Amino acid sequence: MSGTLKRERKAFDLLMEILALEQDRRVAVLSEKCGDDRELFELVRARLAVEEELDFSMLLGDQPPERLGNYRILGVLGEGGMGLIYEAVREDETALPVAIKILRRHLESSVHARRFVMERRILGQLKHPHICQIYDSNLTPAGQPYFVMERIRGEHLDVHCVRFGLDLNQRLDLFLKICDAVAFAHKKLVIHRDLKPANILVDQHGMPKLLDFGIASLIDPETGYQQAVTEAAGRVLTPLYASPEQLRSQPLSTASDIFTLGILLCEMITGCRPFHRSEGSPLELLERMNGGPAPLASSLLRSTLPAQVPPWGWFERDRSDAYDPGPVTWVTKLRGDLDCIVGKALAFDPEDRYQSVADLAGDIVRYQNDVPILARPSSWRYRTRCFVRRNRLSVTAALFTTMMAVLFSAALYRQWRMIDEERRINAQTSQFIQDIFVGADPFAMESTDLSVEFLLENASNNLEEAFGDRPEMQARLASVLGLINRQMGFLETAEPLLARAYRLERERHGVRHPVPIKAGMELGLLYLEQGRVEEAIPLLTAAESFFEEAPTNAAGRDYAKALINRGRADLELGRWKAVEARIRKARSILDTIEPVDVEDISEVNNLWGILLFQTNRLAEAEEVFRQNVLLWKRHRGAEHLMTISAQSNLANVYSKLGAYDKALDVTAQSIRIARTRLGSKHPTLAGLLVSLGNLHFKADHHEASRVAFEEALAIRRERLGEDHPKTTTIKNNLAAVLQHDGDLFGSREYYREVLQDWTASRGEQHPDTELALRNLAFSELMIGNPETSARLAARAVAAGAAFGETDPVPGAKAYLWLGRALLESHEYDEAARALDRSRSLFRSSTNHGTSRDRPLLELARLRYAMGNLTESADRARLVLHLNRNRTRGLRMSRANGLLASIALSRGDTLEAACYLGIDTTAITSSALPSFEDYYHDLSVARYLAAVVSVDAARARLVDNLERTARRYGEETLPWFEVASVLALYENLRVPSDLPLDHLADLVSSHTELPERHRIVSRIEAVRLLRRYLTQPSTRHWLALKAFWRGEDRQAPQFREVRTLFQRYLVAERLKDLDESAS
Amino acid sequence: MNDSNPERKPMGDEGDVTCLLRQWQEEGRAVFDRLWPAVADDLKHISLKLLSEFVAGAGPAATMSATDLLHEAFPKLYHYRIGREFQNRAQFFALAKSIMLHILLNYRRKKFRAQGHLAADVELADIADGEALSLDSIMTLLEGLRKLATIAPRQSRIIHMRFYQDMSFKGIMAEMGMSRSSVYLDLKGGLLFLKHYLQQNEHAGNASRSLEA
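Top line first, the protein sequences correspond to chains A and B.
Using the numbering used here, the first residue of the first sequence is number 1, and each one after it goes up by one.
Using the numbering used here, the first residue of the second sequence is number 1, and each one after it goes up by one.
Bear in mind the hints are in silico, worked out from the structure with no lab data behind them.
Predicted model, so just to flag it, every value in this text is computed and none were measured.
Even glycine gets a Cβ: it sits at the ideal position worked out from N, Cα and C.
Just so you know, nobody snuck in bad clues.
Selected chain B positions facing chain A (in silico; Cβ < 10 angstroms):
| hint | residue |
| --- | --- |
| 1 | Asp186 |
| 2 | Gly189 |
| 3 | Gln200 |
Here are the simulated DSSO-like pairs of lysine-lysine, each with C-alpha atoms no more than 30 angstroms apart in a straight line:
| hint | chain 1 | residue 1 | chain 2 | residue 2 |
| --- | --- | --- | --- | --- |
| 4 | A | Lys33 | B | Lys195 |
| 5 | A | Lys662 | A | Lys633 |
| 6 | B | Lys147 | A | Lys10 |
| 7 | A | Lys177 | A | Lys187 |
| 8 | A | Lys6 | B | Lys195 |
Make the full structure from the sequences, and use the hints.
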């Protein structure tokens, strides 16, 4: 070991030794240890001194001290937002184990500290065997408040119930003890407000202890309600256990705790919380609470029995346990009295609940002793009716399996020939299916997840084994199971089954026979759902032509079906005319068939509606879909899958028509139904979530929109795969959301994927591909890549030419982007041509909702860039004229901004003020217009520079830059635009966070802006000027001069640069410059 | 005890980054100029934001975790801009964590001057003033870490666990078989050493660099 290292180690060891000492002894000990070695002394002292500059509570968290008062700290028990809880022991002969709660250091002076003191005060008043006791309280040497509490060794209430396998009576006894504690607190005028299993510890002797009075409050004895509600909402309440009053932030009384006790009781005896069977916001929760009487405890318990393991785990215990009465008997025990008790505690209106905790406890004791309870209300008859209704539902559920078997055999019976052989097959098929569901023994399964998906997969796997020697049975079952799987959305499981059925039926009947043809059609429909249009078409076409050639009355319905299915493939390919022709034919066939079949009619209507929707005939589409909803509601009920799907189509139309509230309403309702009926992974749910995301997006709820899309994307990725068209659609939507959220780079990545997916699956000349091209063109332009953007926009123009005849708007938009990209590339002539073309296409559109003023505004900007101020102003004023009926809007802002810039470049500040909406009589910060748009705000800054001061302009620009970064992201075209103008006004002051060279590098390395571009020029101008002023050499003067003489330098957008030069160069020199320039 | 022999455990993460940074320096200014601002400034910006949110929000976490930083920074940086320059995620993470440690070492929370949440703004302003984070600063920090490893292997290992592997106190206590207060003391000693090392060596480096700019 080298001498230096040895010495370093010695120094470090010494440092560690000294660190362990108390602050005031350190220097003395250090000095003693070092003796004459001053160097060592200085080194260690310097290192110790660094401690002052480090924030250890930030680096390492609050650390438990060795001891506090008379207590020795053993470790950390828990950490909450407000405080830490240490485990400690008293340092005297009692060695009393305690818990110490200490307020977090950085909260010392906050409102939390007041709450902390409050908790200490409240706990001090509550001496009760089932409430955690407080022993002592004090301040740490550093001034942090803490208090010493009873140390309870136990488990949370819910864990305890399961672990000790308490039976119903034991659970009720435990609950009574909790009631006792709460009643005691109420007597002391304290409401707990945060009762939940996690705040109730039960020790090994079954004694519960109430903890955490952190948000408890005192009741005013006069009013019975909590004292002034002044504390900050620093701590969020637990919505799962909140009362309606709490959710509505109303003043609370003891009735709130009684409600929460009701939830607790319900959870203890059923394993479910009454209002929380699915996720929901506090508002939805409130709605559910207010929607009628609370669900009956017994039906809650019953409903959890077959489906899943409830949270409090009835099934976790050994089934052979003789003491377990078994949950089924519990249902009967709960029914009646306990249902009533829970119901009364959970009444929405505080007045209707038990008047005190003692009343609640009294009824439970009465129940335990078979004495009539007090809670049986006069409205019991109503409750019974409810109960019977619920019961009927569950009976229906119980019959599900049998009905399913019957249904399928009936369907098969209708569809296929009625011969004995077939009948036998049908009987066996239904038996097999019945076995799948009825024979499933939840206890025989290793997995507790007894889902339909699991059963179906299991059945599909057993098929070969069970019927290996009987192809006819195999074919039939594969077909039935395949259809079920397809219907349930398990497309991957469905595919091999349907393919097998198709193959087997062909082997059995030959190619030209209705059975294999239909099997092929079903397979084709599956392919369509999977997005494999090319593979679907031959199968669907075969069915169509087969049934066309045999148009007997019986086959007529089949022919209509085949036409509709073939039409679906056309729809995917965007062949509108072909879809329409097929729909007409199918209708004419169906019109001749009696009796009318709801499904047939609805299917043809649905396809028709989608076609109308896709081709923008919205009013007609709305009518068609509305009728479809009515049709399904009438024939299948409001909660049927098909009703939901019809409703979601209607919602899409509403949304496209701009009626977002209506659409959000319908969609949210459908999603609720879909979640409960179909589970959280169903494709239908994904579809609904997409609609919801779209609607939220249109209503500007970006976060909600992103969340919905992400959930949908996850489902689709899992169910359909990464590059399925429907997955791609969501990527596209997510890109749009990110784009509006200011993440242009993230958005671009999604758009790129989308373009790649569409080009691969749909080809270049498809509306979706065209849209993807336009979207990506937009992203690239906004990021500062006008050349790439122009290339993409040109591709979009070419792609759109193929289908532009029906709707000119896409073409108009493609030309618009092309024009904008060319404008930024300084290709002025071509830009003008593209924008003119865009304008005329917009004009030819019959849809009045489209924004025809868009190319006009760009034309105005183009003329401005070309130096033609009069024409520019004319066009900008025309934009304002077209928007005359609106009060505000992006294009109005921009047109006003442009007109103001033009006015300023003419020196007319008064006119500029008019366009910007500035009150010229008193220009104070409050008189200035609020921020509208970065472009508009640039003009505001320019105005300030001209009229008020450069400093004012600079401040406005700094603000603008921040907002632009939020709206579009940093290093995007708008951001560079603002940053470069800011650089002009910062001129020779070096901005700390945005070095000029860095900015220039960013522009040159991250964008495709041409050298002559205004942004590049601005930055270059400042650089040259700065260089010249700091080192006034001839070389730098010449560079400056050369720059000044460059093309376009007299154009209006360089006026600011000229002003800058004027400010810093002496007049003669400038004159010389101007002369030489001209 | 095996635990007391930390050299056996490879200190891979930050070593890897040192190589990378060296390589950047050797390849000339171009790579550095392009990548450094993206990595350092963005991470600095994000960590300051996180710090201020942490202070203001008084969230449940007691310390800043580099993982929080990475969750926020990673997609933005790695996917869209500089991903290709790193051989793997781990390399990027290690660099990011070094930057985070540097920021934490130079971050000092002022006493609350205002009540409640407003205080955060005041503090953010205090720290945002700092000069741009230089490549040399990170190199210095990495050198300090290496030096610490030779002088005080145990403390170095604990620092590594806490700031590079994001281990909790409990995890470190279990891994090292040490009490909470010993772990705390070791971390404190190690951090004091590092901070002192930075103070001693960073200023010299900055002085020579400022001439180049």
